[in-house]
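Participant: In the order they appear, the protein sequences are chains A and B.
Each number in my numbering comes from the position in the first sequence (counting from 1) with 1 added on.
Each number in my numbering comes from the position in the second sequence (counting from 1) with 1 added on.
It is possible that part of the hints are untrue.
Copies of the same chain look alike in the list, so a pair counts if it fits in one copy or across any two.
[Stated by the list, open to error] Mimicking SDA-like on lysine to any residue, the simulated pairs with C-alpha atoms at most 25 Å apart in a straight line are:
hint	residue 1	residue 2
1	K276	G427
2	K276	E353
3	K325	Q278
4	K276	Q330
5	K325	Q291
6	K276	N293
7	K276	Q13
8	K276	T261
9	K214	E83
10	K276	D349
11	K325	P272
12	K276	A428
13	K276	T346
14	K435	V393
15	K276	S286
16	K276	Q291
17	K178	A241
18	K340	Q43
19	K178	Y120
20	K210	T89
21	K325	I274
22	K168	G139
23	K325	N303
24	K210	N57
Because the hints were derived from the structure by calculation, they are not lab data.
Remember, predicted model here, so these are calculated numbers, not experimental data.
There are 2 protein chains.
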Amino acid sequence: MNLILLSGGSGQRLWPLSNNIRSKQFVPLLKNDRGEHESMVQRVYRQIMAADPQANIVVATGKRQVSTIKNQLGDKVSVCVEPCRRDTFPAIVLACAYLADVKGVGPREPVVVCPVDPYVDDSYFAAVRRMAELAGPGNPNAAHLTLMGIEPTYPSAKFGYIIPAGKDPVSRVVSFKEKPDEQTAAGYIARGALWNGGVFAFQLGYLLKAAHKQLDFRHFADLQANYALQKRISFDYAVAEKEPDIAVMRYAGEWKDVGTWNTFCEVMSDPTIGKVQMDETCRNSNVINQLNIPIICMGLQNMVVAASSDGILVSDKGRSSHIKPYVEQVEGEARFAEKSWGSFTVLDVQPEATTIRIALNSGHRLTYHSHEHRDEVWTIVSGLGRTVIDGVERPVHPGDVVAMPAGVRHTLIADSPLQAVEVQIGAEIDVADKQKYDWPL
Amino acid sequence: MNLILLSGGSGQRLWPLSNNIRSKQFVPLLKNDRGEHESMVQRVYRQIMAADPQANIVVATGKRQVSTIKNQLGDKVSVCVEPCRRDTFPAIVLACAYLADVKGVGPREPVVVCPVDPYVDDSYFAAVRRMAELAGPGNPNAAHLTLMGIEPTYPSAKFGYIIPAGKDPVSRVVSFKEKPDEQTAAGYIARGALWNGGVFAFQLGYLLKAAHKQLDFRHFADLQANYALQKRISFDYAVAEKEPDIAVMRYAGEWKDVGTWNTFCEVMSDPTIGKVQMDETCRNSNVINQLNIPIICMGLQNMVVAASSDGILVSDKGRSSHIKPYVEQVEGEARFAEKSWGSFTVLDVQPEATTIRIALNSGHRLTYHSHEHRDEVWTIVSGLGRTVIDGVERPVHPGDVVAMPAGVRHTLIADSPLQAVEVQIGAEIDVADKQKYDWPL
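Take these sequences, add in the hints, and give me the full structure.
Facilitator: This is the structure:
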């Protein structure tokens, strides 16, 4: 099966564990069967591979998520990178062009588009596989577009609804309804309506034909090169609303939209993660501590506490979905980020100094760069590697110190997993103060 | 007036803002009239000086608190240091011997002993002054021991009670009652009983006479030198229980024992301190953030949240008095401490590396020392100073780096307020791994 996984999201709703670099689908708070922590994207990827070991998966995402996706899913995963943010239609077209032009998928082959972050059981991906069959050339009754309709469990005002023509497992779609109020939703459900889970299948040629009518491109490479020139247009507007021949397949298995701390806590395997003590009077509370200082909790009722180097959230679970405006007021850059080369964690910010812990993966290196307005000092803490300072390469070991005054070109190369403490010193410390250079060696 | 301020306390009950170095009386969460934050000990000292600018104050405390007391009250404050922990009687005798032998206080002069951490209004220290007069040679009816009896506001089971002979402002004491249950307490109060606030006055010669009968010493210097040899004995057992002639003076002004987060929150001037956002649904909650990452709070009801480099507390206010066993389970040394030379803050602890921020006060220096099992690196971040490395002195400026492999003798001297980041590297990083040397220059 060909599968496009849409990985978006701003990362505010699971703050402080998600941030503007790490969206909620990358937060490793779930557990697999072996008891190892995994993120939503790792869970979904694992479930897909279990349902179809030959699945042809492409993750459609923006530039900022690429490093995290490769760190979490491995270097072999296919990632289709949007050079900038457009809307869902250009993003899906780009991934379809990638499938056609890079992966050689034929025009009659079915493709399923699926969000990367539903919390589901294994029957969901069996259903996704069935959707690919329904949409494919083997089905004489195939619709142009086949949706997944999730059997509602309550009249939610948070989801869009699909009104099907009948109550058969697969039927034609009569209409779509945007998020209604609860009373209206109850009426829809009485008429057999289904939640729109954002999963849809089509034959690749169908979508590319629609794409060529509305966007200006020839193939994947030129679409990606000229992506910024494409219009912002949603898939619903560009395709679904104009298409008269849409089918829906019912799905009644487990499905949760874990977009807020409140819903995320429901699927966490443990009430606490990290250095946490809860007294015996705590009830229905979750505490996630990514800092290496302890958290003591006493008398919590229906609360979520989450701490990372970006900040600390203490919230009533019911209130936690209202976090967005508060996160927007928090100043500053993310203090933890996964990068293509490893990760960094900000340890301390003073008026004229910032201290950072850098972890480089073995075989990786920083870009070769300099800063205009700050000096930097690396203290190598563990691992073996090399520095290049103004073109001169030297080996480094734990305990070695590398001083880089402003203007000096520098990089660090890891020959094993390597950690360093970086002290930045200057009156104007700014992430934008970075000049990159070609690799010098 | 001669005043002995007893400054003890283990620092567990206001964790994580107090720790085994910084007791609760040093936590700067109150505010003075000028809007500046102050600690309990600073507030009490300020109130005493307002009540009696000539007050002869000696702070009786253990070694670990001396630096913090001098940092908070200034270098001129008299501190009588217990070389080790004994009980209250040896501690009070040591301070009395200090008053007699170091400060030249005469045997008939009255002395008042007072805990350093009551939250009181100014009338309290007017009452303390009155107690000194009542205990002094000018009062023909002076008792050997004069206590302060606090008018109870409710039948508390947390305090000891004094049963007076009558309801006059000053009367003789009939008996003492240890912490009763609430019902018994209500009965005591009906009979005119008072809370024992731990304040008492006597003539200096009276106490020294009792001291020489029970302890083996001649004067202050030899008592301090042989302090560890003295028996552990409480003031109540050694003096109060044996003394038939005790008076009590009623006090009806504001008096709070702010020993727990719950009571401390009542006297905090602001509901939040530090980088904190609370949403509009928070009620009766206090948040103190000493970290430089933000805290977002939503939907808190009757909660206290406190964060420092030692850890994070999230507690229902009513539960917060039960913190002790949880703090005892928290491993490790204090991660923030005031020292005679300034302060340190632990920024990061990794398996083979610890990163610390050091702040040296101008004109101060570290001890001259070395470590056997770890290398250290200083990056000077702000200020001017000098290092001495294996006997060689060099000036240092911001951006300078000083590497000190294991075994190398080193110190840092501040010629202005100076900050440095220290990275410690080694498999066995332990505060006990420190060899001190005589000053080399």
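Participant: Indicate, hint by hint, whether the structure satisfies it.
Facilitator: Okay, the hints, checked on the actual structure:
1. K276 <-> G427: between (34 Å within a copy, 23 Å between copies)
2. K276 <-> E353: between (31 Å within a copy, 19 Å between copies)
3. K325 <-> Q278: Between copies, since 12 Å is at most 25 Å while 28 Å is not.
4. K276 <-> Q330: between (28 Å within a copy, 11 Å between copies)
5. K325 <-> Q291: Close inside one copy (21 Å) and across copies (24 Å); limit 25 Å.
6. K276 <-> N293: Classified as both: same-chain Cα gap 7 Å, cross-chain 20 Å, threshold 25 Å.
7. K276 <-> Q13: Classified as both; 24 Å inside a copy, 18 Å across copies.
8. K276 <-> T261: For K276 and T261, the Cα distance is within 25 Å both inside one copy (23 Å) and across copies (23 Å).
9. K214 <-> E83: Result: close within a single copy only, 20 Å intra versus 88 Å inter.
10. K276 <-> D349: Both, since 20 Å and 14 Å are each at most 25 Å.
11. K325 <-> P272: both (24 Å within a copy, 23 Å between copies)
12. K276 <-> A428: Between copies only: 22 Å across chains, 35 Å inside a chain, cut-off 25 Å.
13. K276 <-> T346: Result: close both inside a copy and across copies, 18 Å intra and 19 Å inter.
14. K435 <-> V393: within (20 Å within a copy, 37 Å between copies)
15. K276 <-> S286: Answer is both; intra-copy 15 Å and inter-copy 24 Å each pass.
16. K276 <-> Q291: both (8 Å within a copy, 19 Å between copies)
17. K178 <-> A241: within (12 Å within a copy, 82 Å between copies)
18. K340 <-> Q43: Within one copy, since 17 Å is at most 25 Å while 48 Å is not.
19. K178 <-> Y120: within (23 Å within a copy, 62 Å between copies)
20. K210 <-> T89: within (16 Å within a copy, 90 Å between copies)
21. K325 <-> I274: Intra 23 Å, inter 22 Å, cutoff 25 Å: intra and inter.
22. K168 <-> G139: within (23 Å within a copy, 101 Å between copies)
23. K325 <-> N303: both (20 Å within a copy, 24 Å between copies)
24. K210 <-> N57: Within one copy, since 21 Å is at most 25 Å while 93 Å is not.
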